[in-house]
Amino acid sequence: MSMALALPTEVRPADAMVPVPYRVVGRARETADTVTLTLEPVAQPIADPLPGQFNMLYAFGVGEVPISISAIDAGHRLRHTVRGVGAVSQQLCAAEAGAMIGVRGPFGTDWGLDTAMGSDVLVVAGGIGLAPLRPVVHQLLHNRRRFRRVTVLVGARAPEEIVFRGEVASWQASARITVRTTVDYATAAWKGEVGVVPTLIERVTIDPEVTTVMICGPEVMLRFTAAEVLGRGIAAERVRVSMERNMQCGIGRCGHCQLGPVMVCSHGPVFPWSRVGPLLARREL
Amino acid sequence: MKTIADLLAEHKFFGELDPQSLEFVAGCGKNVHFAPGERILTEGEPANTFYVLRSGSVALSFFVPGRGATVIDTLGDGDLLGWSWLFPPYRWQFDAEARDDVAAVAFDGACLRTKCDSDARLGYALTQRFARVILGRLQSVRMRMLDVYGVGTPH
Chain A
1 MSMALALPTE VRPADAMVPV PYRVVGRARE TADTVTLTLE PVAQPIADPL PGQFNMLYAF
61 GVGEVPISIS AIDAGHRLRH TVRGVGAVSQ QLCAAEAGAM IGVRGPFGTD WGLDTAMGSD
121 VLVVAGGIGL APLRPVVHQL LHNRRRFRRV TVLVGARAPE EIVFRGEVAS WQASARITVR
181 TTVDYATAAW KGEVGVVPTL IERVTIDPEV TTVMICGPEV MLRFTAAEVL GRGIAAERVR
241 VSMERNMQCG IGRCGHCQLG PVMVCSHGPV FPWSRVGPLL ARREL
Chain B
1 MKTIADLLAE HKFFGELDPQ SLEFVAGCGK NVHFAPGERI LTEGEPANTF YVLRSGSVAL
61 SFFVPGRGAT VIDTLGDGDL LGWSWLFPPY RWQFDAEARD DVAAVAFDGA CLRTKCDSDA
121 RLGYALTQRF ARVILGRLQS VRMRMLDVYG VGTPH
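Chains as they are written, first to last, in this note's numbering: chain A, 1 to 285; chain B, 1 to 155.
Just so you know, these hints were derived from the structure itself, not from any lab. Accuracy of the hints is not assured; some may be wrong.
What the hints assert, rightly or not - Ranges between beta-carbon positions, derived for each pair:
#, chain 1, residue 1, chain 2, residue 2, range
1, B, Gly37, A, Gly255, 53 to 59 Å
2, A, Ser174, B, Glu10, 27 to 33 Å
3, A, Ala87, B, Pro65, 24 to 30 Å
4, A, Thr205, B, Ser140, 28 to 34 Å
5, A, Arg149, B, Ala131, 50 to 56 Å
As the structure is a computational prediction, the values presented were derived from the model and not from experiment. Glycine included, each C-beta is placed from N, C-alpha and C at the ideal position.
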């Protein structure tokens with residue numbers, strides 16, 4: 001259903017809690033339940049986001065959800081990749097070109113790619129977890145000479161569930177970085193690997209002293225992947241993960257996304273594993 | 001030219017075996033190569049061999065009526081291929097096919113079983129190594145059972 005709600009173009013963000021109107025100018029289907037929306041500000045844009053940050057997207061009249069930024073374009077355009085799993089995200093997935101969406105943000109911490117310059121970078125994405133890591137890969141490719149070995153590992157349930165499939169194939173074809181894809185199940189036509197993405201860790205070249213790791217995916221996948229990279233000798237401080245919790249305000253006030261001593265929306269979503277790893281092992285949190 | 005014992009010494013599976021044991025084990029092995037698309041194992045056929053992959057990629061698959069060959073795992077350099085030679089009835093459970101040029105050391109399973117039976121220390125050392133690899137595969141399967149990409153996926 002289209003959300004062609006007309007908003008006055010003079011609306012400006014009074015503070016972080018006021019959604020800014022953006023118009024859908026592009027919609028690309030990634031998988032059966034996932035689309036990428038390209039949004040353009042109607043008037044005053046939000047601040048330019050950094051890779052890893054997220055926005056709160058408001059489907060007017062339905063609700064608001066945190067959605068990571070899957071590409072940062074020139075001209076204040078935003079690209080968000082949304083998986084339709086609930087009422088709000090399904091409404092966002094259904095938004096056609098011309099529909100209006102409210103945007104608050106950008107919120108939270110970024111991947112800190114500048115601190116990884118000069119080092120090896122290992123990117124590990126599971127499912128739609130590739131979305132917040134995609135701007136990282138864009139920057140790694142754009143500034144390729146500023147980094148040493150770059151490896152991107154992508155896992156999904158099945159070949160047709162890999163998001164940005166064409167783009168991932170182009171990364172592989174460019175040979176400027178090492179890209180390996182793996183799925184849980186496939187037919188013989190699939191030329192990538194089969195198995196869960198953490199199992200690829202032992203198959204890639206890693207220099208633990210100089211490798212920065214960036215991981216995003218469901219929490220179970222984060223835990224298994226972090227265990228594998230720590231097992232390869234990489235210090236927990238060099239392992240960064242993007243967390244997902246029930247983010248609502250985006251500024252660490254409401255407490256819905258609290259995980260022990262941290263608010264995921266404002267202290268995160270990107271954390272060093274040394275900070276959140278021990279928290280994820282506690283069932284009471 | 002490297003001997004089989006030299007190749008095994010470089011492999012993570014055999015790497016820490018003492019030179020004498022390596023030579024002993026190497027007597028059961030030979031170098032083999034497979035072309036892309038070549039069948040290595042066939043479900044139901046006698047399992048007499050196991051392979052230490054040196055390079056290339058192998059797809060393990062299972063034929064499902066109505067769905068065709070379903071790839072259940074892929075193996076690459078450094079991996080071991082084939083467990084069914086270890087225990088009766090010594091029949092392959094899956095198909096395996098080379099996806100590109102594959103170089104491997106092929107071991108005669110019966111030869112290796114006999115040597116392990118005659119040298120309990122070697123048998124224990126190899127069994128420990130096999131158990132570690134099988135545990136890794138078991139954990140991988142358990143992760144897949146958890147459907148790691150489907151639960152609590154971030155937006």
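Please name the hints from earlier in the document that this structure breaks, with their numbers sorted from lowest to highest.
-> Hints 3, 4, 5 are the ones this structure does not satisfy, whereas the remaining hints hold.
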